[in-house]
Amino acid sequence: MNDDLTNARESLFEAPPMGEQERMVEAILFASAEPVSVKELAGRMPHGCDPAEALVHLRKRYEGRGVTIMKIGDAWAIRTASDLGFLMQKETVETRKLSRAAIETLAIIAYHQPVTRAEIEEIRGVSVSRGTVDQLLEMDWIKFGRRKMTPGRPVTFVVTQGFLDHFGLESARDLPGLKELRAAGLLESRPMPSAVLPDDREDEEDDFQGEMFEE
Amino acid sequence: MNDDLTNARESLFEAPPMGEQERMVEAILFASAEPVSVKELAGRMPHGCDPAEALVHLRKRYEGRGVTIMKIGDAWAIRTASDLGFLMQKETVETRKLSRAAIETLAIIAYHQPVTRAEIEEIRGVSVSRGTVDQLLEMDWIKFGRRKMTPGRPVTFVVTQGFLDHFGLESARDLPGLKELRAAGLLESRPMPSAVLPDDREDEEDDFQGEMFEE
Amino acid sequence: MADDFVEDQLSVGERLAAEALIVDVGTFEGPLDLLLTLSRTQKVDLRQISILALAQQYLAFVERAKQLRLELAADYLVMAAWLAFLKSRLLLPPDPTEEGPSGEELAAHLAFQLERLQAMRESAAKLMARDQLGRDFFARGLTEDVERVKRVTYTATLLDLMQGYARIRTRDEFRPYVMDRDAIMTMEQALDRMRRLIGFAGDWTDIATYLPEGWGGEPSRRRSATAANFAASLELAKEGHIEIRQGDMFAPIQIRRKKT
Numbered sequence: 001m002n003d004d005l006t007n008a009r010e011s012l013f014e015a016p017p018m019g020e021q022e023r024m025v026e027a028i029l030f031a032s033a034e035p036v037s038v039k040e041l042a043g044r045m046p047h048g049c050d051p052a053e054a055l056v057h058l059r060k061r062y063e064g065r066g067v068t069i070m071k072i073g074d075a076w077a078i079r080t081a082s083d084l085g086f087l088m089q090k091e092t093v094e095t096r097k098l099s100r101a102a103i104e105t106l107a108i109i110a111y112h113q114p115v116t117r118a119e120i121e122e123i124r125g126v127s128v129s130r131g132t133v134d135q136l137l138e139m140d141w142i143k144f145g146r147r148k149m150t151p152g153r154p155v156t157f158v159v160t161q162g163f164l165d166h167f168g169l170e171s172a173r174d175l176p177g178l179k180e181l182r183a184a185g186l187l188e189s190r191p192m193p194s195a196v197l198p199d200d201r202e203d204e205e206d207d208f209q210g211e212m213f214e215e
Numbered sequence: 001m002n003d004d005l006t007n008a009r010e011s012l013f014e015a016p017p018m019g020e021q022e023r024m025v026e027a028i029l030f031a032s033a034e035p036v037s038v039k040e041l042a043g044r045m046p047h048g049c050d051p052a053e054a055l056v057h058l059r060k061r062y063e064g065r066g067v068t069i070m071k072i073g074d075a076w077a078i079r080t081a082s083d084l085g086f087l088m089q090k091e092t093v094e095t096r097k098l099s100r101a102a103i104e105t106l107a108i109i110a111y112h113q114p115v116t117r118a119e120i121e122e123i124r125g126v127s128v129s130r131g132t133v134d135q136l137l138e139m140d141w142i143k144f145g146r147r148k149m150t151p152g153r154p155v156t157f158v159v160t161q162g163f164l165d166h167f168g169l170e171s172a173r174d175l176p177g178l179k180e181l182r183a184a185g186l187l188e189s190r191p192m193p194s195a196v197l198p199d200d201r202e203d204e205e206d207d208f209q210g211e212m213f214e215e
Numbered sequence: 001m002a003d004d005f006v007e008d009q010l011s012v013g014e015r016l017a018a019e020a021l022i023v024d025v026g027t028f029e030g031p032l033d034l035l036l037t038l039s040r041t042q043k044v045d046l047r048q049i050s051i052l053a054l055a056q057q058y059l060a061f062v063e064r065a066k067q068l069r070l071e072l073a074a075d076y077l078v079m080a081a082w083l084a085f086l087k088s089r090l091l092l093p094p095d096p097t098e099e100g101p102s103g104e105e106l107a108a109h110l111a112f113q114l115e116r117l118q119a120m121r122e123s124a125a126k127l128m129a130r131d132q133l134g135r136d137f138f139a140r141g142l143t144e145d146v147e148r149v150k151r152v153t154y155t156a157t158l159l160d161l162m163q164g165y166a167r168i169r170t171r172d173e174f175r176p177y178v179m180d181r182d183a184i185m186t187m188e189q190a191l192d193r194m195r196r197l198i199g200f201a202g203d204w205t206d207i208a209t210y211l212p213e214g215w216g217g218e219p220s221r222r223r224s225a226t227a228a229n230f231a232a233s234l235e236l237a238k239e240g241h242i243e244i245r246q247g248d249m250f251a252p253i254q255i256r257r258k259k260t
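Chains as they are written, first to last, in my numbering: chain W, 1 to 215; chain U, 1 to 215; chain Y, 1 to 260.
Among these hints, one or two may not hold up.
List of simulated lysine-lysine pairs, DSSO-like, C-alpha gap at most 30 Å [said to hold, decoys possible]:
1) U:Lys71 <-> U:Lys60
2) Y:Lys126 <-> W:Lys143
3) W:Lys97 <-> Y:Lys126
4) W:Lys148 <-> Y:Lys150
5) U:Lys97 <-> Y:Lys66
6) U:Lys97 <-> W:Lys71
7) W:Lys179 <-> Y:Lys126
8) W:Lys97 <-> W:Lys60
9) U:Lys148 <-> W:Lys60
10) Y:Lys66 <-> Y:Lys43
11) W:Lys143 <-> W:Lys71
12) Y:Lys150 <-> U:Lys90
13) U:Lys60 <-> U:Lys97
14) Y:Lys126 <-> W:Lys60
15) U:Lys97 <-> U:Lys71
Cβ-Cβ distance ranges computed for the label pairs, FRET-style [as the list claims (entries may be wrong)]:
16) W:Ser189 <-> Y:Gln56: 25 to 35 Å
17) Y:Ser102 <-> W:Ser189: 15 to 25 Å
18) U:Leu137 <-> W:Gly19: 41 to 51 Å
19) U:Ser99 <-> W:Ala101: 36 to 46 Å
20) W:Asp140 <-> U:Glu63: 50 to 60 Å
21) Y:Asp145 <-> W:Thr92: 21 to 31 Å
22) Y:Lys259 <-> U:Glu122: 20 to 30 Å
23) W:Gln89 <-> Y:Asp145: 21 to 31 Å
Keep in mind the hints are simulated off the structure, nothing from the lab. For every residue, glycine included, the Cβ atom is placed at its ideal position computed from N, Cα and C.
All chains, full assembly: derive it from the sequences and hints.
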């Protein structure tokens, strides 16, 4: 029933031809260093444009070129082809060296997201320092996700679009080796068989409660 | 005399094919924060490259695209196609409340039209700034009426059809009088014997009451 | 003989390794990290690792640290106690009366934890080996900022307009009250005046005729004076000086001096 309205609108504001739309998307992506979402593209282009389709064409056009059209989460960006990085010494930004703890924490968040601090600590076997999380937050590589629906409703961490952008990932599903890890069951949170691992605080509590009821 | 050496080098380090050189120039121009000269391009590209020729190809490739390869001084840069500049603007519409001075001026014009600037000032008790009148004119809520047949033949202001449309009025005569405003609780002040203007509709009723007592 | 020799060699090698580990103890990120490092000496897939052997290695490490009077953090000792417990469970035949998970289950979980940590380390390395923005591939250098064009539209409601007008037109009413006294006649004033006039009111007279000069014209003044006169009349009637009557609704109110 809305079709009539839509059709009426479409005839009223005729969208530019697809070739023009492709040019527009090209111009917008070239102008921005940050990924631009399809929604924002649509918002900036004339009424009736279909940036998603224009992107398909544009992506094909830039295949094998010196720059490529990359999908990052639900946004798009143009990046130089990674085989040409050697030409860019001048543009190379020295990134802060991350500590081993920070790199591991980042990987755990990326592969296990959404993940709580307690879960990260369980995997690494040591407590996560505040500084590590702060650093990753500050770099805009991780952010807070939803709270877990478990007692205490702990906050979770997830990776950001900035993370995907930095590592050239379309989505967190494209993390290297993710499938294999999942197949091997290494991404499951497997609880300690009901007893006492010394560093497992949660289990201790569970056991304590269990004992209370058993007695 | 240097040719021998150059030739020797060229054969030693064969320059990449022109297609590759074009990719390189494309990537460098894309990533660079400033326009890049041919000399600098040559310095950054592998030995034996001919950036000037690569630029000719690249320029052709971008003809009619959303971005163009432009020469700026003696350097080169990628820029948005001039016809797409409008995409680099994002219009945000902000709605603000009209200032008190503008509302009062507008109200006086609506209630007393046609009215001169001097009359508005007399009623308001303060001078009316040019900006206020200009703003109302620009909004198409007031316009110039006939000149008054008084010395100096001052211009008058009247409200427009746009004004009536905005406020949902058939005519300016439909504006509620003071009495109605008071009844509607729009006047906080006590109903006091006021310094009434002769054309004030409220007085008609006051007089009626007064007559009651006279009889 | 030869076997003994080999074994001696190994134990020397193991001892050296253990000492090297102890020197490094500060670089381990806790007991799990140490266990993972120790497990590498088994040179097998983590899935086939002997947890019993690993527990023994760990306990030997802790023992050695003690001999060297090296302070180990508490969690290392807690882990040692737990591994000693695990070891005994793994070695002794299962006691059917005993509650809780079997030694094998506990060992399997520890193996899982080690494998998971190892997997995360490898994944982290893979991640960091990827092409990275600003190092291997690059964003646009010469960005064009989106210019925010702000268009301001002004609006007002009819209510604003009316309130604005009312504000101007009632501005005078906000003057100090005393300033308006010229339009107000108080009952006292009226009473004062009527006391003087009442002596002449032998017959019924319309109360309106008692309005003083200058108070009968302008509505506000007339209203005030009428009300004051009426109130004064009531007061005089109460005092017994006059009589009041009104023929009908809205008919003129009349007064006259009370005959004494």
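Compare the distance between the alpha carbons of Lys150 of chain Y and Lys90 of chain U with 30 Å, and conclude whether the hinted pair is satisfied. Measuring from Cα to Cα gives roughly 8 Å; hence the hint holds.
Given the hinted pair Lys126 of chain Y and Lys60 of chain W, is their Cα-Cα distance within 30 Å? Holds, at roughly 28 Å.
Is 15 to 25 Å right for how far apart the beta carbons of Ser102 of chain Y and Ser189 of chain W are? holds, 22 Å
With a cut-off of 30 Å on the C-alpha distance, tell me whether Lys143 of chain W and Lys71 of chain W pass. holds, 20 Å
Straight-line alpha-carbon gap Lys126 of chain Y to Lys143 of chain W, limit 30 Å: Measuring from Cα to Cα gives roughly 22 Å; hence the hint holds.
Is the distance from the Cβ of Asp140 of chain W to the Cβ of Glu63 of chain U consistent with 50 to 60 Å? The hint (50 to 60 Å, Cβ to Cβ) is violated, given that Asp140 of chain W and Glu63 of chain U are roughly 38 Å apart.
Is it true that the C-beta distance of Leu137 of chain U to Gly19 of chain W lies inside 41 to 51 Å, as the hint says? With a Cβ separation near 44 Å, Leu137 of chain U and Gly19 of chain W satisfy 41 to 51 Å, so the hint holds.
Are the Cα positions of Lys97 of chain W and Lys126 of chain Y separated by 30 Å at most? holds, 16 Å
Between the alpha carbons of Lys148 of chain U and Lys60 of chain W, is the straight-line distance 30 Å or under? violated, 71 Å
Between Asp145 of chain Y and Thr92 of chain W, does the C-beta distance stay in 21 to 31 Å? holds, 23 Å
Do Ser189 of chain W and Gln56 of chain Y keep their Cβ atoms within the hinted range of 25 to 35 Å? holds, 29 Å
Does the alpha-carbon distance linking Lys97 of chain U and Lys66 of chain Y stay inside the 30 Å limit? The given pair, whose Cα atoms are some 78 Å apart, is violated under the 30 Å limit.
The structure does not agree with the numbered hints 4, 5, 6, 8, 9, 13, 15, 19, 20, 22 stated previously, though it agrees with the rest.
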